[in-house]
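All chains, full assembly: derive it from the sequences and hints.
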Amino acid sequence: MAAEQRLKLVNFWSGVIVFCLTLIGLGVGIYQLNEVLTDEQQVPIASLSVQGELIYTDKSEIRQALLSKPLGSFFTADVDSLRQRVEALPWVQKVSIRKVWPDRLSVFVSEHQPQALWNADRLINEQDEVFRADVTKVSAQLPQLFGPEHAVEDTLSEFYRLQKMLSVNGFSIRALRLTDRFAVSLVLEQGIEIKLGREATLERIKRFIDLFPSMMNHENSKENKVDTVDLRYDTGAAVAWREAKSES
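Residue numbering for the sequence shown is 1 to 248, as defined by UniProt numbering.
Calculated directly from the structure, the hints in this document are not laboratory data. Mixed in with the good hints, there may be bad ones.
Claimed, not checked - Below, computed lysine-lysine pairings styled on DSS-like, alpha-carbon distance capped at 25 Å:
hint: 1; residue 1: Lys164; residue 2: Lys195
hint: 2; residue 1: Lys99; residue 2: Lys69
hint: 3; residue 1: Lys59; residue 2: Lys69
hint: 4; residue 1: Lys206; residue 2: Lys164
hint: 5; residue 1: Lys99; residue 2: Lys59
hint: 6; residue 1: Lys94; residue 2: Lys59
hint: 7; residue 1: Lys137; residue 2: Lys94
hint: 8; residue 1: Lys195; residue 2: Lys225
hint: 9; residue 1: Lys206; residue 2: Lys195
hint: 10; residue 1: Lys94; residue 2: Lys69
hint: 11; residue 1: Lys59; residue 2: Lys164
hint: 12; residue 1: Lys195; residue 2: Lys222
hint: 13; residue 1: Lys206; residue 2: Lys225
To be verified - Label-pair restraints from in silico Cβ distances:
hint: 14; residue 1: Asp210; residue 2: Ser60; range: 53 to 61 Å
hint: 15; residue 1: Lys225; residue 2: Arg198; range: 25 to 33 Å
hint: 16; residue 1: Thr235; residue 2: Phe108; range: 35 to 43 Å
hint: 17; residue 1: Ser172; residue 2: Gly236; range: 21 to 29 Å
hint: 18; residue 1: Ser167; residue 2: Val100; range: 41 to 49 Å
hint: 19; residue 1: Glu129; residue 2: Glu189; range: 44 to 52 Å
hint: 20; residue 1: Glu53; residue 2: Lys164; range: 21 to 29 Å
hint: 21; residue 1: Glu129; residue 2: Glu53; range: 14 to 22 Å
hint: 22; residue 1: Asn169; residue 2: Ser60; range: 41 to 49 Å
hint: 23; residue 1: Arg232; residue 2: Pro90; range: 36 to 44 Å
hint: 24; residue 1: Ser139; residue 2: Ala46; range: 37 to 45 Å
hint: 25; residue 1: Lys94; residue 2: Thr228; range: 20 to 28 Å
hint: 26; residue 1: Leu142; residue 2: Ser47; range: 32 to 40 Å
If you're wondering where the values come from, they're calculated on a predicted model, not measured in any experiment. Glycine included, C-beta positions come from ideal geometry on N, C-alpha and C.
Below, the structure is given as structure tokens:
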């Protein structure tokens, strides 16, 4: 009976020792695995793949932004932090980054697509967002919009409304200004300045379209060009002329 109890006791403590050794081995394994996963030398990022239709941003700028600080290992690289590095570049609108096993980062970049200049020193993209970038890189054909900083949407709305009506009739807006009092004036590609005021701007631009043929047939048009058309009246318009430059 005593021998049987001693055998049970030995088996019990043997089981305890095996269990403890298993826990120790598991802990050591987890520690070693963590060392591997967090060691940049063990699983380093070996290559960067940059994709996207890039017009204003060079791929080297994107790589430089990503490498401005250590990338980390494949497992520790913080994708959100890396994305923010690239999105800090002036022309970059959106960035998507994913890890590709075993050692690559795939980076897809979308740029701002400018549709207008804003107050001479910034741009407006196709999502009607104002952003700051090198304005000398954009086409000189982009319309120039001027307005209060709190009225970007109002300025754009006025531009869209008037441009839609003008384009149907062969005109295009080169520049549009919305004042603090929400008065509208614009300059056409032909160089004609049109003053519309604060009210009934669509009706007034329609009046300009209706009156334009008469202006072109006016006796002043033989030696002069239309400079300014003031439509801030209930009817009619005040037209100022400038001397036409002779072609040599």
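task = Using the beta carbons of Glu129 and Glu53, state whether their distance is inside 14 to 22 Å or not.
result = Given about 18 Å between the Cβ atoms, the range holds.
Range hint compliance [Cβ, Ser139 to Ala46, 37 to 45 Å] = holds (39 Å)
task = With a cut-off of 25 Å on the C-alpha distance, tell me whether Lys206 and Lys195 pass.
result = It holds: about 13 Å lies between the C-alpha atoms, which stays within 25 Å.
request  = Kindly confirm whether 25 to 33 Å is satisfied by the beta carbon distance between Lys225 and Arg198.
outcome  = holds (27 Å)
ask   = Within 20 to 28 Å or not, the Cβ separation of Lys94 and Thr228?
value = violated (42 Å)
request  = Confirm or reject the claim that Thr235 and Phe108 have a C-beta distance inside 35 to 43 Å.
outcome  = Given range 35 to 43 Å: violated, Cβ gap about 57 Å.
query = Okay, Asp210 versus Ser60 on CB: inside 53 to 61 Å?
reply = holds (55 Å)
key: C-beta pair Asn169, Ser60: status relative to the range 41 to 49 Å that was hinted   = Roughly 46 Å apart at Cβ, these two residues keep to the hinted range, so it holds.
query = Holds or violated: Lys206 with Lys164, Cα cutoff 25 Å?
reply = holds (11 Å)
query = Hey, Lys137 versus Lys94, does the alpha-carbon distance stay inside 25 Å?
reply = holds (19 Å)
task = Confirm or reject the claim that Arg232 and Pro90 have a C-beta distance inside 36 to 44 Å.
result = Hint holds: Cβ distance 39 Å, inside 36 to 44 Å.
query = Holds or violated: Lys59 with Lys69, Cα cutoff 25 Å?
reply = Distance of about 17 Å is within 25 Å: holds.
Hints 11, 16, 19 and 25 from the earlier list are contradicted by this structure; the remaining hints agree with it.
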